[in-house]
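Fit chains X and L to the known structure of chain U by using the hints.
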Amino acid sequence: MTTLSAPPAVSSLAVPGVGEALARQRTKRRGRLYALIRWAGAALFVAVFLALLVTLLQQAAPALGHMGLSILWRGWNPQKNELGAGVFIVGTLLTTALALLLAVPVGVGAAAMFAELAPRWIAGPLTAMVEFLAAIPSVVVGLWGLIVLTPLFARDVEPFLKTVPGLDAAFHGEPLGSSILLAGVVLAIMILPTVVALSRVAMTGVALADREAGMALAATRWQVVRKVVIPGAGRGIRAAVTLAMGRAMGEAIAVAFVIGNGSGLPHSLLSPGASLGSAIVSSFSEALPGSLLKSGVVALVLVLLAISVAVNVGGQILMRTRRPAVPPRGPADGSGTPPALPPDPGLVLVEMQP
Amino acid sequence: MSMVHSSDAPPDRPLVDKLAARLAAEAGTEHELGNASRGEEAPSAGGAAAPAAAVTLKDVAVTFGGQVAVRNATLELAANKVTALVGPSGCGKTSILRAMNRLHDHTGGRVTGSIHLGDLDVYGPGTSPELVRSRVGMVFQKPNPFPTMGIFDNVVSGLRFNGIRSKALLAEAGEAALRKAALWDIVKDRLSDPAVRLSGGQQQRLCIARALAVEPEVILMDEPCSALDPVATAKIEALITELSADVTVVLVTHNMFQAARVSDFTAVFLLGDDRVGELVEVGPTATVFAEPRDPRTKAYVTGHIG
Amino acid sequence: MSAPAASVTLSGPQLSQRELVRATAERRIGRRRVRSRLATAACAVTVCLSLAPLVSLIAYIIDRGARTLSLGFLVHTPKPIFVPGNGIGNAIVGTLIIVGLAMAMAVPVGLAASLFVMEGPRRLSGTIRFAADVLSGTPSIAIGVFAYAVIVLTIGYSGLAGSFALAVLMLPIMVRADEEAMAAVPAELWEAGLALGTRRGRIVRSVVLRSALPGIVTGNLLAMARAIGETAPLIFTIFGSQFYALRPTAPMSAMPLVIYTDATEPFKSAQATAWGTALVLLVLVVVVSVAARAVAAVMTRKAR
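Residue numbers (this note's numbering), protein chains in the order written: chain U, 1 to 354; chain X, 1 to 306; chain L, 1 to 304.
Hints were generated in silico from the structure; no laboratory data involved.
Every value quoted in this text rests on a predicted model; they were computed, and no experiment measured them.
Glycine included, C-beta positions come from ideal geometry on N, C-alpha and C.
The reader is advised that the hints may include incorrect statements.
No more than 20 Å apart at the CA atoms, straight line, and that leaves these computed lysine to any residue pairs for SDA-like [as the list claims (entries may be wrong)]:
no., chain 1, residue 1, chain 2, residue 2
1, U, 28, L, 206
2, U, 227, X, 88
3, X, 142, X, 67
4, X, 142, X, 66
5, U, 227, L, 28
6, U, 227, X, 167
7, L, 268, U, 148
Listed next, the stretches of chain X that the computed footprint assigns to chain L, with coverage defined by at least 3 CB atoms under 8 Å from CB atoms of chain L [as the list claims (entries may be wrong)]:
no., segment
8, 90–97
9, 170–176
Chain U on its own, in the form it takes in the complex (with noise of 0.2 Å):
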C-alpha cells in the first residue's frame, strides 16, 4: 500500500483497511475484556469454595487438635472440655434415617400415582400443590412444627405409639412432643417434596414403549408401575433418595425447633434428643468467641459438612449423568423455538434445595 500524503484532516476511516483495523482491534479488546471477566467471575466462584473449607479447618483446628478422631464418638461435655460430635452424629442418623423411612414410600407412591396412575386433569395441580411445599422457607415449617405438632405429639401421637404392641422398645419414656421421632417427621414433610418430584421426573422418564410392552402382556395398571416403571426409574429415583437424605443431614432450624434439645444419647424415639444442625445452632451463639467451645462448635460444623457434602455429591452425581452439560453438537432436532425453554421451575426449585 502506497503512503498517505493526505493532509490530516482527513478521516483515517475514508482510508480503506484502516476502519476494520481498528474493529477488529476493537472486538479484540472487548474480548479480552469478556475474557477478564469469565476469568475473574471463576476465580473468585472457586476462591469463595476454597475460603469456605480453609476458614472452617482454622476455626476448628483448636477443638480438632484437642480431639483428635475421638470427636466422631466421644460425648459432648463442654464443662468438662470433651467436645466429641458422638451424641450429635447418632442423633443426626437417627432423625435422618426417620425422615426416609417415612418420606420415601410416601414419596414414591405420591410420584407414582402422578406419574401413572392418576387421570391427568388432577395430576397436574396435585403435583404442583406437593412441590410447593419445596418453597416455604424452614423456619416457617419449624415455627409450625413447635407450635402445631408439638402439642399434637405430646397429647395424641406419642401416647397412641406408646399403646402399640411391640413397639415399646422404641416408644418409652414420657411423651413430651418434643422428640427425635418429631424431628424424623418434620425432615420427613421438609424432604418429601425432593422425592416426590425426582421420583415422578424419573418415572415419567421411562420410555412409553416399556410400559406398552407390559400392558401388552396383560399386566394390571399396578404391575406395570411396580414391574417396568419404579425398576426403569430406579437410578433417579435413588438420585432422589440420597439428595433428600442429604438435605435432611443439613437441615438445622427445623430440627432444633422440635428436637428438644436433649443432651445424652437418646434412648428411645420418644427421648429429647440433638442432631449435629441443632447443636451448632444451640451453642454457636452462647460460646465466646476465641474460646475452645466455639473452635468446638465450628468442629461440629465440619463433620456435618463432611457428612452431607458426601452424600450430596453423591446424588448430585447419579443426577448430573443423565443430563449433557455441553449443548449438542449434533444436527438440529428441528424444534424450531429459538429461545431457550427456561428450565422447569417445579424442578429447578426443589433441586434448590440442598
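The following block gives chains X and L in isolation, referenced to the frame of chain U:
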C-alpha cells in the same frame, strides 16, 4: 395347540374346571379330562372347509378426540393364518391393530363397532382388558425388551404378570418360547445377561418369544421388521410363517412385498376421500395382489398411490 | 394358585403346558385387578398424606398470621411485650436490603463463572462444576458460620455479613441454572453461529446468552426466592435490631430471624408476631417465585 380328548368327557367344559380337576388328581382323587373349549375351536357350522375366524371385526372405527382416524373395518381374521394389514402410513392400520388388544384404553382413542375374539366380546362390559391381552399378544415396531431385566426374565415376564409363579413351569415355558423364536441356542448360556445387549433382530425375536410365552391365540405385529436390517427381517419373516401354525398372526406392514411373501390373507387400508382411513378390500393375498376387486386397491398394489 | 412348584409335571395325557398357562392366567385375572385397585388406592392415600401437612401449614399461617397482620404491623418496629405498636417494618426492609445486596454480589459472579464454564477450557470447567456441586450440598448453617468467621470477626455483626452468606448460598444455584439455561439453547443456534465462522465465545455472548436469558432470569429469581426464606445464614451474622437499620455495616433485622427468635419465646404475643412474619415472608417468597416464571414467560413470548 393341542386338545385333549376323552371319550366320556362332556363338551364345553371350561378350562379352569379342568385345571381344578387336574390338581385334585395330583392330590390323589379321580378326575376327568374335558375338551379344551376355546372360541376358535367351537365346532361351528362352518365345517372344515372354511378356516374358523379367530377375530371378528364388525364396522370398527377408531376416533381420537373427535377426529376419526379409521373406519369401516369389517373383517374376519382366519385362525392360524397370517393376515396382513397393508396400506400407506396414516390409514389406520396400526389403530385397528391396537384396537384388537385394547391398547387404545390408554391412548385416548375411542373404539366403536364390535370386535370378537372367538366368543369373547373384546369391548364388552364384563370384559377386562387384561383378559383380552392375555389371549392377544403384541410385538411392536421397535424392539422393546424391558431394559432392567435379563433375557430370561424378559421372556417369562408375561407369564409372571399373569400370575404364574412355578419356577419349573417358567423355565419350561421360557425355553419353549425361546426355541420357537429360534433364540434358544444363541442365548441359552447367557440367560441373565441384560436383554439390551442383543442385536436389534435378536431383541425383536426376544420380544416375539416374550409374547409367545403366554400362549396367546392371536399375535399382533406392528411393522415388526421396519427397524431391522434385511437379514434380520428375513429371519423374522421365516419365524412368522412357522408361528402361524400355532397362532393367528395379524401383521401390519407398509411393505407390500413382505405381505406378499408372508401372509395368507391381506386387508388393504387406504385413505378415503375425506382423508379418513378405511378398509378397502380384504381377501386371500394372491387374489388381492393379482386380481383386486376395488380399483383403489389396484391402484395401490400397482404403485400408483401410496 | 397354590400348585406345588416342583411337582408340576407337564408330560403325559394331562394338561399341556399351553393349557396350564392359559388356565392359570385366566384364574388370576380377578385377583390381579383387585390388587391393582388396592395398590392404586394406597398410592392415593400417600398423596393425601403428602398434602395434609401442606394444607395444615398454609391454613395455620393464613389464619394466625392474618390475625396479627395490619398496616401498622408492616410499618412499625418491634416493641417490648405489652407495649402497643409492635411491628416488623424494620425486618421487612432489612430482608429486602440484605437479599438485594446478596443478589448484587451473586448474580454477576455466577454469570461470569458460568460463562467461563461455557466458553473456557474444558478441563477447568470441571473444577467449577465440582465446586458448585460441593457448595450446593453444603448445609446453610455451615455457610452462616463461614460468613461469621470472614465478616463478623472483621467488621462485626452486620447486614453485609448476612448478604455475604446468602450470596455464597445462592452462587452455586445460579451457576448451575445459568449453565443449564445456556446448554438448553437448541443446537441450531450454535451451528448457525459456527457456520458463520465466528468463534465459540462470540456465539455464546451474542446468540446463546440472549436466548438463554429467560432461563437465566428464572433461575436467578428462584434462587432469590430461596434466599429470602433462609434463616441459618442469618442467625450468626446479622444479630438483629429493634430499629430501622439501613446501614449494611451495622446489625440489621430480617424476617426469618424474627420468626426464629420470636417462635421460641414463651409469650403469646411473640408467637403471634412470628405467625404474622411467617405470612408476610411466605407471600414474598410466592410473589418472587411467580414473578420468576412470569418474567420468563413474557421474555420468551417477546422473543418469538
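These are the hints, each one checked on the structure:
Using a Cα cut-off of 20 Å, the hinted pair residue 28/U and residue 206/L holds, with the two alpha carbons roughly 15 Å apart. In summary, the hint linking residue 227/U to residue 88/X is not supported, as the alpha carbons are separated by about 36 Å, beyond the 20 Å threshold. A C-alpha spacing of about 26 Å is found between residue 142/X and residue 67/X, which places the hinted pair above 20 Å, so the restraint is violated. A threshold of 20 Å between alpha carbons decides the hint, and for residue 142/X with residue 66/X the separation of about 28 Å lies outside it, so the pair is violated.
Taking the CA atoms of residue 227/U and residue 28/L, the gap is near 17 Å; set against the 20 Å cutoff, the hint holds. Restraint check for residue 227/U and residue 167/X: satisfied, since their Cα atoms lie roughly 18 Å apart, inside the 20 Å limit. This hinted pair checks out: residue 268/L and residue 148/U have alpha carbons roughly 14 Å apart, not beyond 20 Å. Only residues whose C-beta sits within less than 8 Å of a C-beta in chain L count toward coverage, and the segment 90–97 of chain X has 0 of them, not enough to reach three; the restraint is violated.
A count of 3 residues in the segment 170–176 of chain X with a Cβ less than 8 Å from any Cβ of chain L is obtained; the coverage claim is therefore met, three being the minimum.
The structure fails hints 2, 3, 4 and 8 (numbered hints given earlier, in ascending order).
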